Amino acid sequence: MNGIIFDIKKFAIHDGPGIRTTVFFKGCSLDCWWCHNPEGRKLETETVSVKPGGDASDSRIPARTEVIGRDVSVASVMEEILKDVIFYDQSGGGVTFSGGEPMMQPEFLIELLQLCKENSLNTAVDTSGYASWDDFEKIYNLIDLFLYDLKLMDDESHIKYTGVSNELILENLARLSSMGSKVEPRIPLIPGITDTEENLEAIAEFLTPRKNIRQVVLLPYNRLGEDKSRKFDLTYKAGQLSVQSGDELENKVEIFRSHGYGVRIGG
Amino acid sequence: MNDRIRRLRQQSLDAIPRISLERAQLITEFYKSGKAERVSVPVARALAFEHLMENKQICINEGELIVGERGPAPKATPTYPDICTHSLNDFEILDSRKKVSFKVTDEIMKIQEETIIPFWAGRSIRDRLFDAVDEEWRAAYDAGIFTEFMEQRAPGHTVLDDKIYSKGFIDFKNDIKKNIDSLDFYDDSDASAKREQLSAMLIAADSLMNFANRHSDKLRELAKAEADASRTEELAQMAAICERVPAHAPETFWEALQYYWFAHLGVITELNTWDSFNPGRLDRHLMPFYRRDIEAGILTEERARELLQSFWVKFNNQPAPPKVGVTAQESNTYTDFCLINLGGVSEIGEDAANEMTYLILDVIEEMRLVQPSSMVQISKKSPDRLLKRALKIIRTGYGQPSLFNTDAIVLELVRQGKSIIDARNGGASGCVEAGAFGKESYILTGYFNLTKVLEVTLNSGIDPRTGKMLGVRSGDPREFETFDDLFEAFKIQLKHFIDVKIKGNRIIERLWAEYLPAPFMSILIDDCIQTGKDYNDGGARYNSSYIQGVGLGSITDSLTAIKYHIFDKKNFSLKNTLDALNANFEGFEQIRKVLLDDTPKYGNDDDYADDVMRQVFEAYFEQIDGRLNTKGGHYRVNLLPTTCHIYFGSVVGAMPDGRKATEPLSEGVSPVQGADRKGPTAVLKSAAKIDHLRTGGTLLNQKFTPQILADENGIEKLAHLIRSYFKMDGHHIQFNVVTAETLRKAQQEPEKYRDLIVRVAGYSDYFVDLGIDLQNEIIKRTEQGLS
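These protein sequence lines are chains Z and A, in that order.
Per numbering that gives the first Met the number 0, residue 0 is the first one in the first sequence, and the count goes up by one each step.
Per numbering that gives the first Met the number 0, residue 0 is the first one in the second sequence, and the count goes up by one each step.
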């Protein structure tokens, strides 16, 4: 079985517990304005022109072509994953499947998860939640932690900023939660888009009935998406936004705290 | 830090390193007196020591609590003409060089010219040494194949154990006398030599006690003249302390520190020993005194801290002796490698960290001095609290403490034949060298340029820099059909140069044993008293000699490139490659790019490259480990460079790893600068493929930016990273904080900084892969974080 990935990153320390290896699956059905990994959207390898370390106007750096994505076998991915077992064991870490959207390659993901479990590895999946329930049902018991993105509660806005409805996403989350899966909602704080008080309140209220979700992660805005879009010569739809200040962040944290959630900042 | 310490610290920081000829003049005066000629060499050395300790100026700095300087004032640095007689040109260089300079006055130049040089020319050990070695040795030395540690500094490389905390010098004298009395002149052919050595130790012991008494007298004088009542009382107390120690075993915390300091000064005045000297496991040694004094109500935590801080300043006041020539290049620093050990295990193998460990760590954090160096030994039993406390100091960007794996050190020492008790009581000193404290002479004899040996191999034995035959004929590599043929040729050259080095070492070891014994230091290291033998002549319980391999990453990547492109993939021929190297890649940019970018490299947990590294390690180990030195001990390997990778790089032309001529080699066991692209876990995995337990130390450097360690999560993950490396038997790791300046350099020369990982936001990434705006933002944050 083969799949398409665009990176394997070791010593990932913000994608779940302990020291982890994160495998980035290529392909995503969403088209978020602030996308962090624009090179991971297409479900195919692609050749792009890249300006590393700067923008097109920087003449010191010649543009070069770069192939994004690799068609890889389950075995070769596992080989990379297993290289760092000693670090997972020491730190209570494991493997995180991210992307892109790992649920877009469900068969590939299942095989990897099964092998991870055979090797007693802790598994996490970083998902937008936009996948059929059938696929979630096949894998949820192989996953120790869902890093589950929640962006916008208002469906119209969700469609506008991500290209898809949030209905399926919310439904899947509710189901996973009710099946007893460990879910850690992650909320990207995009200035003026997702970080409004109204939206964050709505997310908190949506989560309230899910008794096994007691902790959320807030992801403060950073400029990586903008940076990468420039590097890959793509349009960054969110435009120029400014990073939240510490005080602003504190207010947003407070919204969730007042609902009784533990809040973690960062990835 | 209170006002007193702030002043003392500032005084130390402000003091300008300068040459003092006090020691040179005294020792010349002594040897001119003719006294030396009437007695045996050990006794002459002891009398010389006596002369120094009797006539050295006593320096007591205002407000200090621990007294005694090596020179007449802080950073007034003595020379050792008996070892290395500086030429006038040497002094001019020392005075004018930009880094690690020592001020030299006209008067000093005059004395050196008129008194010191005429007497010592031809008599210094340096002169004797270069006369004694053969042409082969000289050629290899001049070509930069290896360096020689003992050509201008004395064998030291040792550390004190706990013996001074239960014995005074009067007790040591009694031990010595007992051994003299029991000498067997009927059946022991060495009895006479032993008597000379032991008699020398007696003189040396008296000399140190005399030195302390002179301090005591001076302190009483100062007390009389002191207007401030509390300082008067303090000076009187210090006078009493110097009267008691080192003659008697210390009874208080303060006495323990002062005692050690006198012993330290004795060692570094007698000879200019490498790695200065070192109290070793200071937290363990001091803890009983601390507890007792606190319980007795004669010490507070605050006072203990102040005493330690005053003690710390004393180390910083003593720059490494002024080095010249190759030695200055291989070890270009004021630091004299006194490495305080904290944590570790006790002799019965229990976690040894205690209250004093944390107190000393506070002192390290607060003092932020270059000297002494410090390290924390982490065993599998060490609490996370200890590791995390150390990391919180490391993240402030001060480069200290470094971290060592106690469990590996113990196994390394046991493998070499030490008892498990001696191994557990040991640690690491100098840069990273494992040793049985108080019982071992573990001499670093010189750095060895692994990459240069490959260069010579690729040129059929000729050094391309000079065009001269330097090695032996090992065949024309252009005619080799397999990688194994090339590796065999490398092994032939390696054997040749190691043989040359060891042959030279054996001559040099004898010179030191014969001409410059160290009767004072011999009192302090077991079993010199018991055996009646000098430290420099095999008197220590264990006698190890090291040859330190340099450029492991560079040679691995070079050999890997040859194996991969020439023999496996057949992308180009060896002839092609040699042409590119001879041209320093000019006109061969494409080949260089392939070598740099499309070649397996050590440091990425890629077995293709790492297996080559293993092969190099095995070849090096096989040539050295277990060979006999002249002191009843063995040769061992370790892998560390100090600053020698820069000097060694300067004598090596372009290499198949893509490195251009004269650029630095990789350092320690770290990958070639910028070659590791898979993050820290891959670096540690690769480095752990070295069999650390068969070395006496390896050095691994890792860089990080302060943001990665800003929060608890970062500290936690780094702690796990280190524990994992130590689980894999990694010996040592140290972290260099990356400054904004480094990041700016990385913007200018991204190819050299491809391994640099920075924290962007909730994640980390390679700095050179980021856009310019993000890079600038991180530079700004780094500046703020460090200010």
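Since the hints were derived computationally from the structure, they do not count as laboratory data.
Note that the coordinates shown come from a computational prediction; the quantities given were computed from them, not determined experimentally.
Hints should not be assumed to be uniformly reliable.
Claimed, not checked - The calculated lysine-lysine pairs, modelled on BS3-like cross-linking and capped at a C-alpha distance of 25 Å, are: (1) K379/A / K82/Z; (2) K97/A / K82/Z; (3) K688/A / K82/Z; (4) K8/Z / K688/A; (5) K82/Z / K726/A; (6) K8/Z / K467/A; (7) K177/A / K8/Z.
Unchecked claim - Take a look, some chain Z residues computed to stay more than 12 Å from chain A by CB distance: (8) T20; (9) E79; (10) Q89; (11) S90; (12) G91; (13) S156; (14) D226; (15) V242.
By construction, the Cβ of each residue, glycine as well, lies at the ideal position given by its N, Cα and C atoms.
Checked hints:
1. This hinted pair checks out: K379/A and K82/Z have alpha carbons roughly 22 Å apart, not beyond 25 Å.
2. Using a Cα cut-off of 25 Å, the hinted pair K97/A and K82/Z is violated, with the two alpha carbons roughly 46 Å apart.
3. Between K688/A and K82/Z the CA atoms are separated by roughly 13 Å; this keeps the pair inside 25 Å, and the hint holds.
4. Taking the CA atoms of K8/Z and K688/A, the gap is near 21 Å; set against the 25 Å cutoff, the hint holds.
5. As the CA atoms of K82/Z and K726/A are separated by approximately 15 Å, the hinted pair is consistent with the 25 Å bound.
6. For a cut-off of 25 Å, the pair hint linking K8/Z to K467/A is broken: about 48 Å separates their Cα positions.
7. For the suggested pair K177/A and K8/Z, the alpha carbons sit about 66 Å apart, so the restraint of at most 25 Å is broken.
8. At the 12 Å boundary, the C-beta of T20/Z falls inside the reach of chain A, the nearest C-beta of that chain being 8 Å off.
9. The claim that E79/Z lies off the interface is violated: its Cβ sits roughly 9 Å from the closest Cβ of chain A, which falls inside the 12 Å cut-off.
10. A cut-off of 12 Å between C-beta atoms contradicts the statement that Q89/Z is not in contact with chain A; the least separation is 4 Å.
11. S90/Z, annotated as away from the interface, has a beta carbon of chain A within 12 Å; the closest lies near 4 Å.
12. Consistency note on G91/Z: stated as away from chain A, yet its beta-carbon is not over 12 Å from all of that chain's, at 8 Å minimum.
13. Every Cβ of chain A is farther than 12 Å from the Cβ of S156/Z; the closest lies at roughly 23 Å, confirming the non-interface assignment.
14. Once the 12 Å rule is applied to beta carbons, D226/Z is inconsistent with being away from chain A; the minimum gap is 4 Å.
15. Against the 12 Å criterion, V242/Z falls within the reach of chain A, whose nearest CB is about 9 Å from its own CB.
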